[in-house]
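Protein sequence lines, in the order shown, are assigned to chains A and B.
Sequential numbering of the first sequence, starting at 1482, is according to my numbering.
Sequential numbering of the second sequence, starting at 151, is according to my numbering.
Keep in mind that the hints were calculated from the coordinates and are not lab data.
A quick note: this is a predicted structure, and the numbers were derived from the prediction, not measured.
Backbone N, C-alpha and C fix where the C-beta goes; we use that ideal spot for every residue, glycine too.
Certain hints may be false.
For each label pair, taking beta carbons as the anchor points, the in silico distance ranges come out as [stated by the list, open to error]:
id: 1; chain 1: A; residue 1: D1539; chain 2: B; residue 2: A323; range: 33 to 41 Å
id: 2; chain 1: B; residue 1: V163; chain 2: A; residue 2: R1626; range: 51 to 59 Å
id: 3; chain 1: A; residue 1: V1494; chain 2: B; residue 2: R237; range: 40 to 48 Å
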Amino acid sequence: MTTATGQRYWEDVADGEELAGYELRLTWTKMVQQVSGSQDFYPVHHDPGFAREAGHSDIFYNTSFTQAALSRLLTDWVGPAGWVRRLGFQMRKMNMPDDRLQVKGVVTGKAEGDGPLGEVSIDLWIENDRVGITTPAEATVLLPRRG
Amino acid sequence: MPRAVEGKYDIEVVRREWIGKATDARRGRYPVEHDPIRRYCHMVEDRNPLFLDPEFAAGTEYGAVIAPLGMVGYFAGNGAWPPLEERNLLAEVPTRGVRLINMNTDWEYLKPVRVGDRLTTQTVLTDIFEKPIRLDPKAVWIVTENRITNQDGELVAVGRNTLLTHRTPEAVAADAAGMEGARA
């Protein structure tokens, strides 16, 4: 299935199934895109001097970027007729300049759900090549049924 | 930016005074628009045509481009410029330090948000507590809930957010050395 435009159906999902992950490289251009896309101007996300003065080793990527990266994995996976009902995440470690991010997920359960869409539970996370998993997350998504 | 207080800090007093306080409901400055969505997608290289392609989106059940999930708060806000005089609960809550880190975020998405929608937000302060972190043994954590509605008064999303505030290394060291009033 191509991401985002193909449709995934509830019946076709298996517990333990891995979501198609993707990679982001945190170049300085990506840092600028982070500020542009989020409009978050708190300097700890773009000013290394400020970040170090605050006790961090470098700038770190903001909540909006993190949420967008996790959401992209889910909205690509559920397709245009699916829906992301809930996304929760914990920012336990930081994603920093020059990190290579992997955004990944796995199906942890299925339920019939109340309405016409079926529920799927997903564990997802962001990891980087410097410190491993930085952002564990859990989501509930809704998928259409066949027929 | 949180409000670091001088002198004695009593977390129980702060909890009694602040938990349950809410902002007035506030409408976002602009309607949901295409170009901020494009910039948001750019940062994570999201090519989803539901967010980016009006022709594709028109042929789906939504009938129009929808906003990525994480943008509901964005479009319910006023943006950084020009600055507006508005109540910011997080700027009023007394804390020990002025540094902040966002920790946990949990959103429920109840209805799609389309280009042209007008979103309104209200924030409620639901918890405040102390919990040590590596940078500060007396870090103060603040939990808020954001309720976002559309132009028809429908609840489209509810977000719960946990923010921690902490002191500078100098203030932590001064406090540990027993200096009164070591704040920020």
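Numbered hints the structure breaks, given as an ascending list | Hint 1 alone not satisfied by this model.
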